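Heads up: the sequence shown begins at 15 in the numbering used here, then just goes up one per residue.
Read the hints as simulated data drawn from the structure, not as lab findings. The structure presented is a predicted model; accordingly, all values stated were derived computationally and were not measured. Treat each hint with caution, since some may be false.
[As the list claims (entries may be wrong)] Derived lysine-lysine pairs resembling DSSO-like cross-links, with alpha carbons at most 30 Å apart:
1) 61 <-> 16
2) 116 <-> 103
3) 103 <-> 61
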Amino acid sequence: MKAFLSSCGIRDVRTAYRSPWQNPYIERFIGTLRAELLNYVIILNEKHLRSLLTEFIEDYYHIARPHQELNGETPFPQKKCELPSKLNKLIGIPAVGGLHHKYIRIAA
15 MKAFLSSCGI RDVRTAYRSP WQNPYIERFI GTLRAELLNY VIILNEKHLR
65 SLLTEFIEDY YHIARPHQEL NGETPFPQKK CELPSKLNKL IGIPAVGGLH
115 HKYIRIAA
């Protein structure tokens with residue numbers, strides 16, 4: 015891992031043991047992961063955990079979940095929806111096994 019980071023021009027800086035305030039970004043992510051996923055599921059095995067994490071991050075966290083740091087946008091923004099009208103219908107699409115939902119508008 016160190017060689018990979020070095021090849022990317024990234025310097026490896028280790029935080030002190032038991033000092034979570036030295037890395038607030040990952041601490042925030044871990045808190046979000048616990049609050050929005052891990053507190054609601056029973057992990058069966060490592061494969062199940064990896065599957066849940068992949069689905070949470072790729073299908074929900076980066077696509078549908080607004081981020082405060084990004085002014086309510088997502089890391090991979092989707093096209094903007096047109097203003098609601100009587101002809102549009104709001105559809106919820108389950109994400110992370112139905113634990114969360116993404117919403118889209120379709121013609122009624």
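**Message:** Next pair to validate is residue 103 with residue 61; report whether the Cα-Cα distance is within 30 Å.
**Reply:** violated (37 Å)
**Asked** Going straight from one Cα to the other, do residue 116 and residue 103 come out at no more than 30 Å?
**Response** holds (14 Å)
**Prompt:** Does residue 61 pair with residue 16 here, judged by a C-alpha cut-off of 30 Å?
**Reply:** holds (26 Å)
Hint compliance for this structure: hint 3 alone is broken.
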